[in-house]
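Under the working numbering, the sequence shown has 75 at position 75, and the numbering climbs by one with no breaks.
In short, the hints are calculated from the structure, not lab data. Hints may contain errors.
Just the calculated beta-carbon pair ranges, DEER-fashion [as the list claims (entries may be wrong)]:
no., residue 1, residue 2, range
1, Thr24, Leu75, 44 to 50 Å
2, Lys81, Asn153, 46 to 52 Å
3, Lys182, Gln137, 52 to 58 Å
4, Thr200, Thr24, 38 to 44 Å
5, Lys77, Thr197, 17 to 23 Å
6, Lys196, Lys117, 41 to 47 Å
7, Ala54, Asp160, 47 to 53 Å
8, Ala54, Phe104, 51 to 57 Å
9, Lys31, Lys182, 34 to 40 Å
10, Lys127, Lys81, 26 to 32 Å
11, Thr24, Ser118, 18 to 24 Å
12, Lys77, Pro41, 19 to 25 Å
13, Thr38, Thr169, 42 to 48 Å
14, Pro41, Leu139, 58 to 64 Å
Ideal Cβ positions, reconstructed from N, Cα and C, are used throughout, including at glycine.
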Amino acid sequence: MRTIELNKRQEQILQIVKENGPITGEHIADKLNLTRATLRPDLAILTMAGYLEARPRVGYFYTGKSGTQLLSDKLKKLKVKDFQSIPVVVNENVSVYDAICTMFLEDVGTLIVVDDKSLLVGILSRKDLLRASIGKQDLTSIPVHIIMTRMPNITVCRRDDLIIDVAKTLIEKQIDAIPVIKETDEGFEVVGRITKTNMTKILVGLVDNEII
């Protein structure tokens, strides 16, 4: 995995802190013959990235963590609510034919099925629709609730769940997407979805240092 790339001055700052920490920003600036204002952006980047730790009236410490460790630490703190996508839903009474069209048009691998109150009642995967398509039955006359996976056999997550836990569930269950739900007195309201594509974007964002 590619680590966060540092420029030459940031590498020099790290080395100074390793050898002299705790050390103030002013003393770092003196060693590099630069002003404190010039160093401020570099120190901010190194601190936000996790390479350095700053303590008031004490100075900067080197955390001793590698780029890979820092990426891992960041990933373990991410929550579903910050990365969920808009859910792609169909009503339980739409036909299998219409569901196939929706899946194609929305370019997704999983459809979330809801009832007339917009509450979660099922999940439709590509495999479900493929199985229903084999044979001579009229797909326009078969409602999706006949072939969908029903509760309680649906894996769900909540907005405050950790991304790393949802990722492990996607792998363990070998599924493409998980609905994000909000619990109500009547049932599960669908508020989003987390997919393998979301996970890929998160990993790329972490490696490219776009997620802090």
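Here is what the structure says about each hint:
For the hinted restraint 44 to 50 Å between Thr24 and Leu75, the CB-CB distance of approximately 32 Å leaves it violated. At roughly 25 Å, the beta-carbon separation of Lys81 and Asn153 lies outside the given 46 to 52 Å, and the hint is violated. Checked against the hint of 52 to 58 Å, the pair Lys182 and Gln137 fails, with Cβ atoms roughly 36 Å apart. Checked against the hint of 38 to 44 Å, the pair Thr200 and Thr24 passes, with Cβ atoms roughly 41 Å apart.
For the hinted restraint 17 to 23 Å between Lys77 and Thr197, the CB-CB distance of approximately 21 Å keeps it satisfied. Checked against the given bound of 41 to 47 Å, the beta carbons of Lys196 and Lys117, roughly 29 Å apart, lie outside it. Evaluation of the 47 to 53 Å hint for Ala54 and Asp160 yields a failure: the beta carbon distance comes to about 28 Å. Evaluation of the 51 to 57 Å hint for Ala54 and Phe104 yields a pass: the beta carbon distance comes to about 52 Å.
Lys31 and Lys182 have their C-beta atoms about 53 Å apart, which leaves the hinted 34 to 40 Å range violated. Against the hinted window of 26 to 32 Å, the Cβ-Cβ separation of Lys127 and Lys81 comes to about 29 Å, which satisfies the hint. At roughly 57 Å, the beta carbons of Thr24 and Ser118 sit outside the given window of 18 to 24 Å. For Lys77 and Pro41, the Cβ-Cβ distance of about 24 Å falls inside the hinted range of 19 to 25 Å, so the restraint holds.
The hinted range of 42 to 48 Å is satisfied by Thr38 and Thr169, whose Cβ atoms lie roughly 47 Å apart. The hint said 58 to 64 Å for the Cβ distance between Pro41 and Leu139, and at roughly 59 Å that hint holds.
Consistency note: the structure conflicts with the earlier hints numbered 1, 2, 3, 6, 7, 9 and 11.
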